[in-house]
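Protein chains in written order, with numbering that gives the first Met the number 0: chain A, 0 to 168; chain B, 0 to 168.
One thing to keep in mind: the hints can contain errors.
The list makes no distinction among identical chains, and a pair is therefore deemed to hold if it is satisfied within one copy or across any two copies.
Unchecked claim - Listed next, the in silico DSS-like pairs over lysine-lysine satisfying Cα-Cα at most 25 Å (straight line): (1) LYS15 to LYS1; (2) LYS130 to LYS18; (3) LYS61 to LYS90; (4) LYS19 to LYS90; (5) LYS130 to LYS61; (6) LYS90 to LYS1; (7) LYS1 to LYS61; (8) LYS15 to LYS130; (9) LYS130 to LYS1.
These are calculated hints, taken from the structure and not from any lab test.
Protein chains: 2
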Amino acid sequence: MKQFVNPFDYAGEICKAMKKGILLTTKAHGQVNTMTIGWGTIGVQWGRPIFIAYVRDSRYTKQLLDETGEFTVNIPVGNPDAGILGFCGTKSGRDTDKIRELGLTTEEPAEISVPGIRELPLTLECRVIYKQRQDLSVLPGDIVDRYYPQPDVHTAYYGQIVSAYLIQD
Amino acid sequence: MKQFVNPFDYAGEICKAMKKGILLTTKAHGQVNTMTIGWGTIGVQWGRPIFIAYVRDSRYTKQLLDETGEFTVNIPVGNPDAGILGFCGTKSGRDTDKIRELGLTTEEPAEISVPGIRELPLTLECRVIYKQRQDLSVLPGDIVDRYYPQPDVHTAYYGQIVSAYLIQD
């Protein structure tokens with residue numbers, strides 16, 4: 000069951016959960032893939048509620064996102080399961096079906112084609128309305144040194160939050 | 000007096016306040032200027048707390064921001080003063096000293112050169128660590144039609160939140 004919510008009521012929890020990680024889920028060609036992310040911002044642009052996800056060039060998630068333009072974000076409410084976030088942060092969906100290996104339960108989406116993950120109950124369904132690859136050449140040197148030993152650049156995906164809910168039994 | 004806070008504890012209030020407006024303040028050549036904004040996102044990138052402000056090419060604020068790379072954001076806590084937000088959303092700092100005309104009180108900053116505005120007590124001090132002009136050519140047509148009758152494009156200013164507090168008596 001979905002308990003629909005105002006995503007901004009959970010903006011603080013979303014920002015604070017990123018320290019341990021949240022899940023970014025995509026789906027293409029019938030395959031659902033999820034990855035742990037620790038970066039993202041939430042707010043408003045063009046009068047719409049927006050979640051911006053940052054995804055590196057090399058990620059399988061990027062390929063799926065560019066194909067479908069839709070994603071879900073799942074945030075643990077209460078204590079995150081470190082096992083899920085660790086596994087989904089180190090394995091690639093190119094060679095691992097993370098959903099199946101972890102026995103995660105997908106939740107039928109309300110507005111888009113990508114399901115949420117029941118084990119992390121707070122779900123944002125997002126439709127990409129804008130994306131922009133970031134420009135390393137104008138980033139401070141210490142950030143480039145630390146995060147970009149290879150030029151594996153992030154693209155900012157501006158997802159309009161089209162539905163937000165807690166998944167409940 | 001400053002009561003220092005975790006900005007993420009106020010992320011929900013910041014997101015929701017944008018509907019009525021929040022203040023973006025800059026300072027250059029000794030002049031403080033403030034404008035009302037209704038768009039922005041808050042969260043994490045490069046492991047740092049970030050507030051992203053979106054500022055159009057034509058704004059005087061953009062000129063000041065590009066010179067100094069610092070800004071404050073002030074958010075009303077409780078009921079916003081519609082008069083302040085309305086005035087600061089329609090007048091330009093090029094020909095109006097909005098701070099003086101409204102009799103606003105500036106608060107000495109903690110970490111940067113730009114003061115906060117006491118009348119809207121929640122203050123984020125931000126240092127720009129990245130900026131990127133948005134690309135209208137990949138935005139949906141309905142957004143371009145509505146927000147860009149002229150190509151007065153927004154630049155995303157990624158401000159690292161270096162201090163956050165409530166201004167109190």
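Status of the hints after comparison with the structure:
| no. | hint | in the structure |
| --- | --- | --- |
| 1 | LYS15 to LYS1 | both (23 Å within a copy, 23 Å between copies) |
| 2 | LYS130 to LYS18 | both (24 Å within a copy, 23 Å between copies) |
| 3 | LYS61 to LYS90 | within (15 Å within a copy, 42 Å between copies) |
| 4 | LYS19 to LYS90 | within (17 Å within a copy, 43 Å between copies) |
| 5 | LYS130 to LYS61 | both (11 Å within a copy, 22 Å between copies) |
| 6 | LYS90 to LYS1 | neither (29 Å within a copy, 45 Å between copies) |
| 7 | LYS1 to LYS61 | neither (28 Å within a copy, 43 Å between copies) |
| 8 | LYS15 to LYS130 | both (24 Å within a copy, 24 Å between copies) |
| 9 | LYS130 to LYS1 | neither (29 Å within a copy, 38 Å between copies) |
The structure fails to meet hints 6, 7, 9 from the earlier list, while all remaining hints are met.
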